[in-house]
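Here the protein sequences come in this chain order: A and B.
Take 113 as the starting number for the first sequence in the working numbering and just add one per residue.
Take 657 as the starting number for the second sequence in the working numbering and just add one per residue.
In short, the hints are calculated from the structure, not lab data.
Hints are not guaranteed to be accurate.
Label-pair restraints from in silico Cβ distances [what the hints assert, rightly or not]: (1) PRO129(A) <-> PHE755(B): 24 to 32 Å; (2) GLN202(A) <-> ASP759(B): 23 to 31 Å; (3) ALA151(A) <-> GLU747(B): 55 to 63 Å; (4) ASP759(B) <-> GLU177(A): 14 to 22 Å; (5) ASP176(A) <-> ARG705(B): 45 to 53 Å; (6) ASP776(B) <-> GLU170(A): 56 to 64 Å; (7) ALA155(A) <-> ARG717(B): 49 to 57 Å; (8) VAL711(B) <-> LYS220(A): 24 to 32 Å; (9) VAL775(B) <-> GLU142(A): 18 to 26 Å; (10) ALA136(A) <-> ARG778(B): 32 to 40 Å.
Only some residues are given here: those of chain A computed to face chain B with a beta carbon under 7 Å [said to hold, decoys possible]: (11) GLU170; (12) ARG207; (13) VAL214.
Using N, Cα and C, we set each Cβ at its ideal position, and we do this for glycine too.
Residues per chain, in single letters:
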Amino acid sequence: MARAATTTDAFNAVAEPRRREIIAALAGGERPVGDLVAALGIAQPQVSKHLRVLREVEVVQVRDEGRRRLYRLNGLALKPIHDWVRQYEQLWTERFELFDDVLDDLKKEQGDGGAD
Amino acid sequence: MAVPTSGTAVVSTPADEQILITRAFDAPRDLVFRAYTEPDLVSRWWPGRRGEMKVCEIDLRPGGAWRYAMVAEGGFDVAFHGEYRGIVPGEKVVFTEIFEMPDGTLSEATLNTATFTEVDGRTTLELLTETSSKDVRDMILASGMEGGVQEGLDILEELAIELR
Chain A
113 MARAATTTDA FNAVAEPRRR EIIAALAGGE RPVGDLVAAL GIAQPQVSKH
163 LRVLREVEVV QVRDEGRRRL YRLNGLALKP IHDWVRQYEQ LWTERFELFD
213 DVLDDLKKEQ GDGGAD
Chain B
657 MAVPTSGTAV VSTPADEQIL ITRAFDAPRD LVFRAYTEPD LVSRWWPGRR
707 GEMKVCEIDL RPGGAWRYAM VAEGGFDVAF HGEYRGIVPG EKVVFTEIFE
757 MPDGTLSEAT LNTATFTEVD GRTTLELLTE TSSKDVRDMI LASGMEGGVQ
807 EGLDILEELA IELR
């Protein structure tokens, strides 16, 4: 199956390490691009390129305030990713709960003097 | 490294090509190892609460094959297989894992390492999945099964809580 284009898929957009840094930087609140350049330590064109990808998948939104453009996170766009990781974690949590039951039975076996 | 909390599997990402699942059990290591490697016991937990185990073959020796298949709720089959690469009884199992896709094609193999560590009668299981190439990693990324996202999980979790 062909991969979805980066720009249409929030999962891929967020998979890029620099873009994750931008998301982390914006988690504290709305910031102008200059703050992000300082926080990431890379050139503004790079930051702008990543912001454009994040805006296209609506993970990041922008508004103008006077002469400044302020970027902020859109949590709703990130929620499917959060839910997905949670789902994976949930499967393993389920498995391990049943694993606990197996261990309880094995401990009982040993406790009954059935050790071989 | 996150400390596993009781009852919860902790999924994290030590590196971009890796997924690590961690869980502590209130049992000595030899029992946890048995529950992880004996077919009758694996059949009880591997399907989770999502179906019934149909096949559970474990030839626990280097080069030995394994295959797990379950029938999920809704009637479709889910199957994985692979080969054991290294076994330290009670301590470690290294094995490959291949997902058998519903159309019959096979996924790329991942290399998995299960490590069992006992402290004060409690055992921590660490299950590390290493993808074999950037392509595999990218495929996993594309499917959304991405550990790297987990780096930001604390942030995402806060956001998700806000969104409730």
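Consistency of the hints with the structure:
Between PRO129(A) and PHE755(B) the C-beta distance comes to about 26 Å, which sits within the given range of 24 to 32 Å. A hinted range of 23 to 31 Å holds for the C-beta pair GLN202(A) and ASP759(B), which are about 26 Å apart. A C-beta distance of roughly 43 Å is found between ALA151(A) and GLU747(B), which places it outside the suggested range of 55 to 63 Å. A beta carbon spacing of about 52 Å between ASP759(B) and GLU177(A) contradicts the range 14 to 22 Å that was offered as a hint.
At roughly 50 Å, the beta carbons of ASP176(A) and ARG705(B) sit within the given window of 45 to 53 Å. Remark: the range hint 56 to 64 Å for ASP776(B) to GLU170(A) is contradicted by a beta-carbon distance near 48 Å. Evaluation of the 49 to 57 Å hint for ALA155(A) and ARG717(B) yields a pass: the beta carbon distance comes to about 54 Å. Distance hint for VAL711(B) and LYS220(A): a CB-CB separation of about 28 Å, consistent with the stated range 24 to 32 Å.
The supplied range of 18 to 26 Å is broken by VAL775(B) and GLU142(A), whose beta-carbon atoms lie about 45 Å from each other. The beta-carbon spacing between ALA136(A) and ARG778(B), approximately 33 Å, falls within the hinted interval of 32 to 40 Å. Interface hint at GLU170(A): violated, since its Cβ lies 14 Å from the closest Cβ of chain B, which is beyond the 7 Å cut-off. For ARG207(A), the interface hint holds, since its Cβ comes within 7 Å of a Cβ in chain B; the closest pair sits about 5 Å apart.
At a threshold of 7 Å, the smallest CB-CB gap from VAL214(A) to chain B is about 5 Å, leaving the interface hint in force.
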